[in-house]
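**Student:** Below are the chains, spelled out letter by letter.
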Amino acid sequence: MVAPVAPVPTAAGDRPAPGRGPARRAWLEWLVVVPFLAYVGTFLLYPTALVLAGAFQDARGGFTLDNLVELTRGAYLQAFLRSVELSALTALLGAVLGALLSWAVAAGRPGGALRRVVVAGSGVLAQFGGVPLAFAFLATIGFQGLVTRFLREHLGVDLFAGGAWLFELPGLTLVYTFFQIPLMVIVFLPALDGLRPQWREAVEGLGGSSWTYWRHVGGPVLLPAFLGALLLLFANAFSAYATAAALVSQGSPIVPLQIRGFLTGEVLLGRENLGKALGLGMVVVVAVAMGLYAVVQRRFARWR
Amino acid sequence: MTPTRVLRLLGAGATALALVTACGAPPTQDGAASDAPASGARSAADLGGFDKLVEAAKKEGRLNVIALPPDWANYGAMIETFEAKYGIEVDSAQPDASSQDEVNAAKQLKGGDRAPDVFDLGLNVALANTDLFAPYQVLTWDDIPAELKEPSGLHYGDYGGFMSIGYDAAKVPAPTSVRDLLKPEYQGKVALNGDPTQAGAAFSGVVMASLGNGGSADDVAPGVEFFKQLKAAGNFLPVDPSPATIESGQTPVVIDWDYTNAAQTAKLAGKVDWKVVVPSDAQVGAYYNQAINKDAPHPAAARLWQEFLYSDEGQNTYLKGLSRPVRMEAMTKAGTVDADAAAKLPRTSGEQVFLTQQQADKAKQVLSTSWAQAVG
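Protein chains in written order, with this note's numbering: chain Z, 1 to 304; chain U, 1 to 376.
In isolation and in its complexed conformation, chain Z is listed as follows (with noise of 0.2 Å):
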């Protein structure tokens, strides 16, 4: 078995000045970064071109514009209309819970145990989604969770008697809004540390109040950062999909979902494309999101 990394020349004479040693080790630095390069052309580029390609095939490879057009109509469309409902309700909870937990650990003391269990607890969840993350949710408010349970035999109190909403959207925004706190904070603190102390006295010496600093300077400032995460968030929860998949099994209210029925579905058949269309779709909401994203951390990094 072969690694498809060529061998480093060591060799002298393979590069005209062996002696000059910056050129040599930044040539060095783009070989080490081929395999890295293959990877995300295998892994990210490709994929990406089969589904911009599938979208506009039929089920015999000839080019159609049938797929997109589906995507307009009924029940594709109120996925995707549900699919950002969630990702925006779940982004502003998120981001507005988050920055608040995050303004309680900038004003507390830099080393304080407060920061250390906040910012090491959010690197942690963060990314403790998928599986893992809906099973918790089951073994706790699940019909038969521990919390659930102690509820309706202690206290009388039926979390489901609304209807099973865990399985359905209010479920998801509550998961989601799980992990979207976490990584809120992670994005979000380095902004609020970077408020320097001395300009809220500058404002306090010219005479202003509390609220002047934050409607003229803090808010200003903080206000970029936060839109950008904001962005951030949505596409994280807009391409979630394992934690979705494994709570929600019926009617597949949400995009990613309803790719995976086109995929491993059994009844409804040769349809991928159909798929492939709702996948592009996606990709094009989050490039929109990641687009506003870069215009927003530009305009931020002016700021700093």
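If you're looking for bench data, these hints aren't it; they were derived computationally from the structure. A portion of the hints provided could be inaccurate.
To be verified - Below are the EDC-like pairs computed for lysine to aspartate or glutamate, each with C-alpha atoms no more than 20 Å apart in a straight line: (1) U/Lys-231 / Z/Glu-168; (2) U/Lys-52 / U/Glu-83; (3) U/Lys-231 / U/Glu-185; (4) U/Lys-171 / Z/Asp-158; (5) U/Lys-333 / U/Asp-142; (6) U/Lys-107 / Z/Asp-58; (7) U/Lys-107 / Z/Glu-153; (8) U/Lys-171 / U/Glu-185; (9) U/Lys-228 / Z/Glu-168; (10) U/Lys-52 / U/Glu-89; (11) U/Lys-267 / U/Asp-340; (12) U/Lys-183 / U/Asp-168; (13) U/Lys-294 / U/Asp-131; (14) U/Lys-107 / U/Glu-83; (15) U/Lys-149 / U/Glu-329; (16) U/Lys-231 / Z/Asp-158; (17) U/Lys-183 / U/Asp-142; (18) U/Lys-149 / U/Asp-168; (19) U/Lys-171 / Z/Glu-153; (20) U/Lys-364 / Z/Glu-85; (21) U/Lys-364 / Z/Glu-70.
From a predicted model like this one, the values you see are computed outputs, not experimental measurements.
Fit chain U to the known structure of chain Z by using the hints.
**Tutor:** This is chain U only, laid out in the frame that chain Z set:
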């Protein structure tokens, strides 16, 4: 960390990944298997008889199967018996995969020695993928009812069952009809095995609900309406049932094939009093289908596996898993059927419905437009 260091780390990581991927890639086939006479054999006779088939299969020594859960139609015992009998190692991949996953795997692994040799498919998927199959007629071919086999042997029914209601007798009263499930005793307790626009079992569950609510094989709308009512009553659980959800009490009522429900009864004996009923007013049956991958890396073992599944021993193994083997009628006549196992099957009588392909296609159209709205 300096940029150079980051780059180096990235490079090292990527190299490691590339190595891992290279290891995981299917090694190229040694060529011998695809040229073997077995890959074109349409019956054991083509190879010079059953003994020659066994010999060729033993030489290959391996069989790749996919999507065969051990507690589904007794496949666990089936695989063990086959391994012991012929000394062929069975590699069982992705036991919980769907029929479509089997087809996807065959396409993706084509040419490698890990591709599935044989398929166990829902009729829909079988009919849509006949170009992947090699025709083969087992020795007991004549016992298989004509309507359950493709004439050249591309695919044929292996085992079937009826849609049933499984329930925890300690938690809910015994249902006798589908409509019983609307009663308040079943609040928050009724689960369907999968999404009917995706899973074959759930699809048949909707057909069963239709028959129990004045619909027919041609008209499944009443079935969709029934689930809508079930949801409105707060009885419908949008949880994908599994042995774990049944054991933990999350899904006290499960609509699924009778053999899967019956397998739960046996598995949970002593823990959960799991009972199975096939509603007498709504008996929907279906057969799964067996097919050989035309690019099977172990063509002889694939054919021997078919011979084993359709032998008296294989068919009785299905029966012991409480599914109905396709040769059951012939074996009952010949007296080779396992009578004890047959007596344990959930009872059915009177009118039984098997959907034709046309009826199934029509039902799918109805579901694709109405299901999400009904339960969403």
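**Student:** Take the hints in turn and mark each one as holding or not.
**Tutor:** Right, here's what the structure says about each hint:
Under the criterion of a C-alpha separation no larger than 20 Å, the hint pairing U/Lys-231 with Z/Glu-168 is consistent with the structure, at around 12 Å. This hinted pair checks out: U/Lys-52 and U/Glu-83 have alpha carbons roughly 18 Å apart, not beyond 20 Å. A hinted pair counts as satisfied when its Cα atoms are at most 20 Å apart, and U/Lys-231 with U/Glu-185 qualifies at roughly 14 Å. Taken as a hint, the U/Lys-171 and Z/Asp-158 pair is honoured in the structure, with Cα atoms around 18 Å apart against an allowance of 20 Å.
Between U/Lys-333 and U/Asp-142 the CA atoms are separated by roughly 14 Å; this keeps the pair inside 20 Å, and the hint holds. Restraint check for U/Lys-107 and Z/Asp-58: satisfied, since their Cα atoms lie roughly 19 Å apart, inside the 20 Å limit. Distance hint between U/Lys-107 and Z/Glu-153 is unfulfilled; the C-alpha atoms sit about 52 Å from each other, more than 20 Å. Our distance criterion of 20 Å between C-alpha atoms is met by U/Lys-171 and U/Glu-185, whose separation comes to about 9 Å.
At roughly 15 Å between alpha-carbon atoms, U/Lys-228 and Z/Glu-168 fall within 20 Å of each other, so this suggested pair holds. For a cut-off of 20 Å, the pair hint linking U/Lys-52 to U/Glu-89 stands: about 19 Å separates their Cα positions. Restraint check: the Cα-Cα separation between U/Lys-267 and U/Asp-340 comes to about 18 Å, which is no more than 20 Å; the hinted pair holds. With a CA separation close to 16 Å, the supplied pair U/Lys-183 and U/Asp-168 stays within the 20 Å bound.
With a C-alpha separation of about 8 Å, the suggested pairing of U/Lys-294 with U/Asp-131 holds against the 20 Å cut-off. Proposed proximity of U/Lys-107 and U/Glu-83 is contradicted: the alpha carbons are some 26 Å apart, above 20 Å. A C-alpha spacing of about 15 Å is found between U/Lys-149 and U/Glu-329, which places the hinted pair at or below 20 Å, so the restraint holds. Between the alpha carbons of U/Lys-231 and Z/Asp-158 the distance comes to roughly 17 Å, so the proposed pair stays at or under 20 Å and holds.
Proposed proximity of U/Lys-183 and U/Asp-142 is contradicted: the alpha carbons are some 47 Å apart, above 20 Å. Straight-line distance between C-alpha atoms of U/Lys-149 and U/Asp-168 comes to about 37 Å, which puts the hinted pair past the 20 Å bound. Taken as a hint, the U/Lys-171 and Z/Glu-153 pair is honoured in the structure, with Cα atoms around 16 Å apart against an allowance of 20 Å. For the proposed pair U/Lys-364 and Z/Glu-85, the alpha carbon gap of about 29 Å is over 20 Å, so the pair is violated.
Pair hint U/Lys-364 plus Z/Glu-70 holds up; C-alpha atoms about 17 Å apart against a cutoff of 20 Å.
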